[in-house]
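2 protein chains.
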Amino acid sequence: MVPPSKLMRGRSIDNNNAINLYNFGTSLPSHVTRLQVKVDNFQDPLKINNFGKTVNHELEKRRFTQDGYVVGQNFLVRLYELDIHEKASLEALLNYTQETGLNLFQSSGLRVEGFGVSKEMNSRNLIWVIGRMQVEVDSYPSWGDIVQVETWCSGLTKHCLTCSSRLTDANTGTKIMRVDSEFVMINEKTRRLSRIPEEIKASGDPYVKDYLDPPLSVDDKLRKLQKLDEDKADYILRGIKPLWFDLDPNQHVNNVKYISWILEGTPEAVRENYELSAFTLEYRRECGRNSVLQSLSGASNEVPNEYYHLLRLENGNEVARARTLWRKSSKIECNSMN
Amino acid sequence: MVPPSKLMRGRSIDNNNAINLYNFGTSLPSHVTRLQVKVDNFQDPLKINNFGKTVNHELEKRRFTQDGYVVGQNFLVRLYELDIHEKASLEALLNYTQETGLNLFQSSGLRVEGFGVSKEMNSRNLIWVIGRMQVEVDSYPSWGDIVQVETWCSGLTKHCLTCSSRLTDANTGTKIMRVDSEFVMINEKTRRLSRIPEEIKASGDPYVKDYLDPPLSVDDKLRKLQKLDEDKADYILRGIKPLWFDLDPNQHVNNVKYISWILEGTPEAVRENYELSAFTLEYRRECGRNSVLQSLSGASNEVPNEYYHLLRLENGNEVARARTLWRKSSKIECNSMN
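Going down the list, the protein sequences come from chains A and S. Quick note: the first sequence, position 105, residue 105 per full-length UniProt numbering, numbers continuous. Quick note: the second sequence, position 284, residue 284 per full-length UniProt numbering, numbers continuous.
It is possible that some hints are incorrect.
Using 16 Å as the maximum straight-line C-alpha spacing, the simulated EDC-like pairs for lysine to aspartate or glutamate come out as follows [unchecked claim]:
#1 A:158 <-> A:199
#2 S:158 <-> S:198
#3 S:241 <-> A:268
#4 S:232 <-> S:306
#5 S:227 <-> S:150
#6 S:331 <-> S:272
#7 S:241 <-> A:264
#8 A:201 <-> A:182
#9 A:328 <-> A:182
#10 S:331 <-> S:150
#11 A:241 <-> S:264
#12 S:209 <-> S:150
#13 A:331 <-> S:248
#14 A:241 <-> S:268
#15 A:241 <-> S:246
#16 A:158 <-> A:198
#17 S:227 <-> S:282
#18 A:241 <-> A:286
#19 S:331 <-> A:248
#20 A:175 <-> A:136
#21 A:328 <-> A:86
The set of hints was computed from the structure by calculation and includes no laboratory data. Since we're looking at a predicted model, the values are computed, not measured.
Use the sequences and the hints to build the structure in full.
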């Protein structure tokens, strides 16, 4: 086993050292007063993905800590990722998390022969699909902020695998978001749920780590999300169709898009004046390019600023159910204080 | 005037130098055999945006070359940016270009008091809006590829400002895409077109550079895009509505979304078997959250694999017109060779 790569950095304002570096062949102007030094382990360049490409570039570099059990990756918030509150949209933050999660599954951190994409799973036609997602948002970053995402496997039972991500502002350490996603196993041909076979579970167990925080505590009441009945819905948005660019290479809708549709089906006054502080989502059904959906939402009777949601096909088949919790938008708060 | 930042890099496999660097205070393992050295000009750290944030992070670092007249930025293609051809979507590539263009306008490369966002423009309520975009695509990158975008001002007349971008694969130098965008000036209050005032043009002239390639040659026939008549349309997609996340902080639809809608209104067999090799788009009207649109397309009678497009509001008002040129998808080509 090749150990994971290590990155180390050093820095100096010693002009003598600058002269040493000058000898490397770099032409330095006389006014340089600071040096940044980065050291790579040449024997083990970071693998960027399962196509075996390597990265020597100064961006979005993956780190593997805890002996390769945690994938860390930085994302710079781009202007087109902002929503009307001038903050990174939830969709953007979940996309970052998805990218890191896929790298955890597919990168060399979890070996190809091992847990992520095993021969054993292939021979049984088993694949992982997302079943449930639980998210808490502390703050939303702005344009130019750098979001550090760390993702690891935090749980494994015979029914599901949990992956956890923690997002923080890489400059300030401010907490941004916490995501726990549960993956279940289905048969690729029949699309039916499968128990995780004992051999696969055993080969996965060593990867599960109580790193950083344990998974969010499971409240039984929350685990069983109630289904929103149509007659209790305050708002129904009809005729939602996936766009061409919402489809992934498997021609399925990217699961992050479900969240966008659920938010789209929330009353405009909520989206405009509030920001999402937490949600739980259960995926019930895949959808593809010809699906036409409806997004229903209704205010909770019990908790203030809580909503229940149902995403369904036009024939009534359930695609996802969700619960969202909102707080006053920090932009609105700011404006009303001025 | 503060000179733009310079970045220089050096590299060595000389173990003596490693020892020199070790003295900087970094703990190096004994098996390190390569060093990467990066030198920043301490007096002028790179500004990341007009909020004055600086970046010391190893990602998506902006470079200013040609004395600050060109902004360069790298983007790593993320998995969720792929389309069904397993290549970065056009939408993703145009978003990269937009991000770099905004940095050209807003970064310290074009001073705040100068050309991009001048006091003079503010006092006259003048703003830049995009009027026309001309794109040529050589190849589409894959997951994990690093796209280098370089953007500069390539032309300025009393009617419009042209910004040009060239996208290449940062590892191989392969050409990816070329974009020329024309910006026109409108009055923010009346939304009417304005000539570019002589003083503003004069202050902008020094920024215009014949860098890399000159703007795409202007073919008069192409300049005047014909409007697609409804009775010549082969395909009409109705009921397109912007989603919440399509809106920017000004509550307008991000202009890249127009391209997505135009592609969405192209027959499915075209999108599925072909990839876009070039397009020209003229923006006619802004749209917002309550707009409902139609996307029309029709095959050209003159050029094979060429289509004309019209994006309009349901009341018939024109939003954009476009011309697209397609070639057999490289994925399809590949599959048919196997």
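Which earlier hints turn out false for this structure, listed by number in ascending order? 5, 9, 10
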